[in-house]
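Enquirer: Counting from -19, one number per residue, gives the positions in the sequence shown under our numbering.
Note that these hints are calculated values from the structure, not bench results.
Just so you know, even glycine gets a beta-carbon here, dropped at the ideal spot from N, CA and C.
Label-pair distances were calculated between CB atoms; the ranges are:
| # | residue 1 | residue 2 | range |
| --- | --- | --- | --- |
| 1 | Ser130 | Asn344 | 53 to 63 Å |
| 2 | Val262 | Thr327 | 16 to 26 Å |
| 3 | Pro419 | Thr464 | 33 to 43 Å |
| 4 | Ser283 | Val262 | 15 to 25 Å |
Quick list of in silico lysine-lysine cross-link-like pairs, DSS-like style, CA-CA up to 27 Å:
| # | residue 1 | residue 2 |
| --- | --- | --- |
| 5 | Lys1 | Lys21 |
| 6 | Lys363 | Lys332 |
| 7 | Lys337 | Lys509 |
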Amino acid sequence: MYPEGLVTGYFGPLTEAAVKKLQEKQGIEAIGIVGPKTAIKINELLTQGAGASGIVPPGLTTAPGIQQKLGETTTTIPPTATTTTSTSTSTPPTAIATTTLAVTPNTGSSAVPPPVTASPPTTTSTTATTSTNATSDTTSPSVPTNLSASAVSTSQINLSWLNSTDNVGVSGYKIYRSGAQIATAVASTSATATAAYSDTGLQASTAYTYAVAAYDATGNNSAQSASASATTQSPPPAYNTPPVISSVAVSSITSNSAMISWITDVPATGFVNYGTPTIGIVTPENTSYLTSHSFTISNLAASALYNFRVYSHNAYGDQTDLVSGYPPNRTFTTLSGPPSCSSINVTLNDGKTTYIKGVDNFVNYTWTCAPGGSADVNVGIQKPGGWISLNTTTNSPTQTLFIDISSDSYPIGTYRLEACFNVCGSIVAGQTFSISSPPVDTTPPVISSLRVDVAYSSAMASWTALPVWITDEPSTSQVEFGLTSSYGTITPLDSSGAFLRTVHSIILSPEYGYNLTSNTTYHYRMISKDAQWNSAVSGDYTFTTASSTTSADFTHSNLASIFESLRSLALILQKLQSLFH
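Required output: the full structure, derived from the provided sequences and hints.
Expert: Here is the structure:
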């Protein structure tokens, strides 16, 4: 198989396969035997001066050097990752100078002698030295840890985790949701210990489970991290969306009572509006937030058709009738029973018969049929100057109403509230009450909780005093002060001092025309007058200013402390004030 006259005899795999196939076909078994055609071709190459041959690179049909002249020096540089070239005087590692031998065509019975290699001369040549520094990276990054998921809206969940490590470097992270990869995140180049990703476009009120895996530049992947889950936030209720009422039912119907029930889709309050034939009676509202509601209404007329509506409102104040009008009107009929009422009871619900003008503004009363049933009832009032009809009710068992006595239509005097059947042909029941003038106030306010805060300001080179006190009723505010108990200076009833209040304070400082001096004792007292000009004067008190050089400076630091104390005092005073109203 070695062409005579060639030094190396190297060739490619295709040539080797072809030669072996030829030898097999011709029955040649000895190594180095070629056919006549191969011998002719080799002789042609040698005649043309072919020299040493290199290894045939994959994909080529000839080896480098096959066309070179005999005796020439040939350098073969196979492809490598890193190539370094140097010049030196040396003996080549492989015999390059060759001696040409004649090739005699083989008839199939004689062997071709192996090539004869001449002694290589010492020569100067350029030798290529190759080296490969890079090694294949097969190490996977570490598994990401501390994965957390946090829902920040109805459609977004934020993920964060501790960065992975790698022998070369982490390129990024693969994000998995419910086991399927949804995205990749490029590793940050900043020196942070955590990585993050935001998953958007999600469904509201939905739970999602996540995991992450790290990868490097060569495609090595870590295992997936421990999973983390989060549920997107629920959407806020739509504005003006009232509860949805369903399953309205009437049960336990008797001649004078019935139970009305319904269901709401969200926790809500409830009440019923009913009447016969006109809706006008309202039950007290059940303020508990429930989804199942029921009311028992009584004092109904026998054999009567009642109309009713049910109402509910949610925690946001959205009520069934505020958006789409009144809820549907429903009806029920009471069973037969005793005849309609034969008498009327009238009750003053306030529990008193004397009302003070300017203090009591309403008279609240109730009339009820007795012993039961319903009737057409007219309610009026006898007052100085005549009788006035107040209200007419048709076929009703009871009703609660009120009279506004704050207007000039109800002067000081005695009144009689009367109820009668139909058009009051005869008075059936009544209650007498009176409206009186308020008593004359001759009691002055009561002054209490007196104190004064004193501070010096080096920036202003001045003293400030702040007297504070409380009165048991709204009153004016004044402070009288001086070097003796005779005082000498009193603050005016200006726009601030004339205002009626229960918590009082006056600022004594140069800004208000009051110049306090250092190392001085001042006498002071408080004066307050109520709306009837009843005056209250406190006892005599004193406060002393210190030396401006040794006193606590009214600086930024202690100013904050002083006003924090005043703020706390003001909160206490406000609470006390609320007790008086």
